[in-house]
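A.B. asks: All chains should be modelled from the sequences, with the hints used to inform the complete structure.
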Amino acid sequence: AQSVTQLDSHVSVSEGTPVLLRCNYSSSYSPSLFWYVQHPNKGLQLLLKYTSAATLVKGINGFEAEFKKSETSFHLTKPSAHMSDAAEYFCVVSGSTSGTYKYIFGTGTRLKVLA
Amino acid sequence: EPEVTQTPSHQVTQMGQEVILRCVPISNHLYFYWYRQILGQKVEFLVSFYNNEISEKSEIFDDQFSVERPDGSNFTLKIRSTKLEDSAMYFCATSSGVWGEQFFGPGTRLTVL
Chain Z
96 AQSVTQLDSH VSVSEGTPVL LRCNYSSSYS PSLFWYVQHP NKGLQLLLKY TSAATLVKGI
156 NGFEAEFKKS ETSFHLTKPS AHMSDAAEYF CVVSGSTSGT YKYIFGTGTR LKVLA
Chain A
5 EPEVTQTPSH QVTQMGQEVI LRCVPISNHL YFYWYRQILG QKVEFLVSFY NNEISEKSEI
65 FDDQFSVERP DGSNFTLKIR STKLEDSAMY FCATSSGVWG EQFFGPGTRL TVL
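If you read the protein sequences in the order shown, they are chains Z and A.
Residues in the first sequence are numbered consecutively from 96, following our numbering.
Residues in the second sequence are numbered consecutively from 5, following our numbering.
Simulated from the structure, these hints should not be mistaken for lab results.
For glycine and all other residues, C-beta sits at the position ideal for the given N, C-alpha and C.
Hints may contain errors.
Label pairs and their computed distance ranges (CB to CB) [as the list claims (entries may be wrong)]:
#1 Glu89(A) - Glu110(Z): 37 to 43 Å
#2 Ile24(A) - Ser123(Z): 32 to 38 Å
#3 Gln140(Z) - Val28(A): 16 to 22 Å
#4 Gly111(Z) - Glu22(A): 38 to 44 Å
C.D. replies: Written out as structure tokens, the structure is:
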């Protein structure tokens, strides 16, 4: 079965400093992995996705993530945080059981950006 | 750019009432999903739907829930008799293929009083 673990429920950074949001996954086969962002009272916006192509994935708004199979990790990074990055971030792994293909969400990491 | 739309954006209902949440998929998409997010919690899979049948459903998706495509375009989630604990944001997602990327709608916030 597929699962995903977000290692930090809350992360605080100062504006202009790097962001690291950690995600580990478990999958019995080569997974597809995603990061979504959710701003308060808003829907889910796809930041980036990994689907077995390049292991370093670049997304929107300067975010990127690196797929590391040996570490079963897919951490999200950004070199310099902006106030507008404050939001909830979800790591997602695709899972297939019974022939269907569903998304399995992590519990989320709330990013706070300090001025 | 095509997008998934959902109506209403916010629904307030009394406990025990029936609600129908609507989703309009991207036009060539054939696979449909509902997810739920209780306030402050993670997003959870409810059900997947293809070829007018449920493909898979979670433990949350009990007999009070049903899905259908009544007119070949809308994809609906019905809750027959709402409970307080059904209060959540409900997201519709659609994809063009079984392994395809899922595109999410903006969500419907359901409040049960």
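A.B. asks: All hints are to be evaluated individually against the structure, with a verdict given for each.
C.D. replies: Quick rundown of the hints versus the structure:
no.: 1; hint: Glu89(A) - Glu110(Z): 37 to 43 Å; verdict: 39 Å, holds
no.: 2; hint: Ile24(A) - Ser123(Z): 32 to 38 Å; verdict: 37 Å, holds
no.: 3; hint: Gln140(Z) - Val28(A): 16 to 22 Å; verdict: 19 Å, holds
no.: 4; hint: Gly111(Z) - Glu22(A): 38 to 44 Å; verdict: 51 Å, violated
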